[in-house]
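Each chain, letter by letter, is given below.
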Amino acid sequence: MTTTEIAGAPPRATPPLKTRLANNKLLRFIVVRFLLIFPTIFILVSMVFFLMRTIGDPITASQGGRLSAADLAARIEAAGYNRPLLVQYFEYLGQVFSGNFGTTISDNRPVVEVLATYGAATLELVIYALIVAFIVGIPLGMVAAAVRDKWPDAVLRIFAILCYATPVFFAGLLLKLVFSVGLGWLPVAGRASARNELRLSNISDATGIYLLDALRLGSPALIGDVLAHAVLPGVALGLLTAGVFLRLTRTNVIGTLSMDYVDAARSRGVRESRLVTRHALKPALIPIITVIGLQIALLLGGAVLTETTFEWQGLGFQLSRYIAARDFVAIQGIVALLAVIVALTNFIVDVVAALIDPRVRF
Amino acid sequence: MNTQKKGLRDRLRGLPVVHQLRQSVGLQRAMLVVGLVITGVFILTAIFAPLLAPYGYAQIRDDNGTFGAQQEPNAKHLLGTTVGGFDVLSRVIWGTQTALLVMIVAVVLSIFLGVLLGLVSGYVGGWLDRVLVVIADAVYAFPSLLLAIIAAIAISGGQSSFWGGILAAALSITVVFIPQYLRVIRAETVRIKAEAYVESAKVVGASSARIMFRHVFRNATRSLPLILTLNTSEAVLTLAGLGFLGFGIEPTSAAEWGYDLSKATSDVTSGIWWTAVFPGAAIVLVVLGITLVGESLNDLADPRLRTRRKAGSGPALTAETTSVAGGSLDDLVPLSGLEGKS
Numbered sequence: 001m002t003t004t005e006i007a008g009a010p011p012r013a014t015p016p017l018k019t020r021l022a023n024n025k026l027l028r029f030i031v032v033r034f035l036l037i038f039p040t041i042f043i044l045v046s047m048v049f050f051l052m053r054t055i056g057d058p059i060t061a062s063q064g065g066r067l068s069a070a071d072l073a074a075r076i077e078a079a080g081y082n083r084p085l086l087v088q089y090f091e092y093l094g095q096v097f098s099g100n101f102g103t104t105i106s107d108n109r110p111v112v113e114v115l116a117t118y119g120a121a122t123l124e125l126v127i128y129a130l131i132v133a134f135i136v137g138i139p140l141g142m143v144a145a146a147v148r149d150k151w152p153d154a155v156l157r158i159f160a161i162l163c164y165a166t167p168v169f170f171a172g173l174l175l176k177l178v179f180s181v182g183l184g185w186l187p188v189a190g191r192a193s194a195r196n197e198l199r200l201s202n203i204s205d206a207t208g209i210y211l212l213d214a215l216r217l218g219s220p221a222l223i224g225d226v227l228a229h230a231v232l233p234g235v236a237l238g239l240l241t242a243g244v245f246l247r248l249t250r251t252n253v254i255g256t257l258s259m260d261y262v263d264a265a266r267s268r269g270v271r272e273s274r275l276v277t278r279h280a281l282k283p284a285l286i287p288i289i290t291v292i293g294l295q296i297a298l299l300l301g302g303a304v305l306t307e308t309t310f311e312w313q314g315l316g317f318q319l320s321r322y323i324a325a326r327d328f329v330a331i332q333g334i335v336a337l338l339a340v341i342v343a344l345t346n347f348i349v350d351v352v353a354a355l356i357d358p359r360v361r362f
Numbered sequence: 001m002n003t004q005k006k007g008l009r010d011r012l013r014g015l016p017v018v019h020q021l022r023q024s025v026g027l028q029r030a031m032l033v034v035g036l037v038i039t040g041v042f043i044l045t046a047i048f049a050p051l052l053a054p055y056g057y058a059q060i061r062d063d064n065g066t067f068g069a070q071q072e073p074n075a076k077h078l079l080g081t082t083v084g085g086f087d088v089l090s091r092v093i094w095g096t097q098t099a100l101l102v103m104i105v106a107v108v109l110s111i112f113l114g115v116l117l118g119l120v121s122g123y124v125g126g127w128l129d130r131v132l133v134v135i136a137d138a139v140y141a142f143p144s145l146l147l148a149i150i151a152a153i154a155i156s157g158g159q160s161s162f163w164g165g166i167l168a169a170a171l172s173i174t175v176v177f178i179p180q181y182l183r184v185i186r187a188e189t190v191r192i193k194a195e196a197y198v199e200s201a202k203v204v205g206a207s208s209a210r211i212m213f214r215h216v217f218r219n220a221t222r223s224l225p226l227i228l229t230l231n232t233s234e235a236v237l238t239l240a241g242l243g244f245l246g247f248g249i250e251p252t253s254a255a256e257w258g259y260d261l262s263k264a265t266s267d268v269t270s271g272i273w274w275t276a277v278f279p280g281a282a283i284v285l286v287v288l289g290i291t292l293v294g295e296s297l298n299d300l301a302d303p304r305l306r307t308r309r310k311a312g313s314g315p316a317l318t319a320e321t322t323s324v325a326g327g328s329l330d331d332l333v334p335l336s337g338l339e340g341k342s
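Sequence lines, in order, name chains A and B.
In this text, residue positions in the first sequence follow my numbering: the first is 1, and each later residue adds one.
In this text, residue positions in the second sequence follow my numbering: the first is 1, and each later residue adds one.
It is possible that some hints are incorrect.
[What the hints assert, rightly or not] Partial list, computed: chain B residues near chain A (C-beta under 7 angstroms):
#1 L146
#2 V268
#3 A276
#4 I283
Everything labelled a hint here was simulated from the structure, so no lab data went into it.
Predicted model, so just to flag it, every value in this text is computed and none were measured.
A virtual CB, placed ideally from N, CA and C, is assigned to each residue, including glycine.
Model the full assembly from the supplied sequences, consistent with the hints where possible.
Written out as structure tokens, the structure is:
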């Protein structure tokens, strides 16, 4: 089923009996969809495990050459990497199932702790990016649909392709060049200036989401500083998804604009601008909800690059640090953990989509 | 003589891209032409890189001594030099070769494996089909860059020579692409399997392999050109992303834009713009060109999106390719995962 198909007229009211049946189907959909999370996680975790082991044990990979052969063998023995691969695999599956994603080699921290420390920063960045994507993508998509096949439409479509064609790290570097180095309006990197960062990390029950913490402290200067640091990373990452939203909105609004009910509204004398922003937009937004799941996966991948570019101390920044340190246990753990997060978000998004659009669950 | 010429021209018109070029009008034609020109320039640059580049990609000195690091663009180095003392222009030009090679290897590999799996999955059906679809969906929903990182580690331990690096990048991209081909080809195969000519082939007694590769394959691959253009552009982006994170090809083995950008990150802070802007612009241009071609082909194949010629200005032409889910950026939507059940 293509979820991008254009939604038809809003569903009519259904008699009570039918509603009950529909609810059953919805419940069945949610249960089946929930059960599908497990094979998804299982497949991804297994794939990551076996791919990572093709290069041998992680200790030789990261410490080989730095330790003597005897030390190396002792550490491999201690970590259990000398046992048969299948034994290690089942042990790993058991660990993952109980929420243990391993301990990093380079700085000896549990991967789950890395997530707890830096996950909030990545979440904050992804939320900023989604906000940018909505603000930029949807209105521009409506404009493009309204002026379809005229030159502003062409300009907007090229803009959407450019959003896709520009790697986030290059977009980030360009934004830095213009707004930080050139104009000096915004900070170059980091999540807050050094003094404020210290202040925020000293709050007793910090959420880790700097904007929330700053709002709680209530100092306008602090809030301003946090927001100023968020603008460029948010825009760099958000534009990637903005392009997708723009195109989706355009295609679907063009589709709904040719529907009978829109024609009917037009013949009643509803203004063209209102037709686009009201009548055609709402059903056209459903496909956007369904792609958000995939977009979050894309944003997490993009966050690795964005955080590296802006030294944004999140999960992605840590991941690239571990990559540089060749710490393969940490990489495996973080990627496996992200697989779980992606599987869960996709489940939630699918359920929301099913609640909104009845056609999804049938 | 004359008829021969005419026959040749007709055949030329029947070629995929030429056909669409003739079919298109107005803005759509402009976008297609711009895309074709950029892609053409890119391919020519890659082929003639040794002639076009003023210096080698790993060259840091000539007869007058070393180039010097972070030189501003000047007469000798038109686009300046990098922090490592390489000539930026030369590395941008040589980078086209790396990008093109990775694209070709990645697309050939993923088409081969993806089409094979898609045909088998769709034709055989049953539990094999369900398992393959669930795996493909799981892989598809995962951030492709992260998967590519893992694949790059598995293939080369993260750092490599020229061909090692090209293969590592291409294979990691392949892992990400296979599910897309699998899904599209599988969907087509399931549709074609019910066609009368497949039935009759079965009745005649053709083997499963023969039916799959002769009858189904020929008809299921019409949609490939569209996905192909999208995947080549994604290959460039993934290669750059890997390079940016330090999984690229060593600078002495080949020129790679993502690597150059990662080295330029600190330059930007001190206002040195030429080391970042040019390799980045090269990535954007190549992806833009290829995407414009793919987009235009997809639009022309979709009657809802195709701009028609004004009435009376020549006969209406229909495209040979069909538009497919996954064939356009607009269709980047995961299967619900329940697909195998219906």
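Consistency of the hints with the structure:
1. L146: This hint holds: L146(B) lies near chain A, its Cβ roughly 5 angstroms from the closest one there, short of 7 angstroms.
2. V268: holds (5 angstroms)
3. A276: holds (5 angstroms)
4. I283: holds (6 angstroms)
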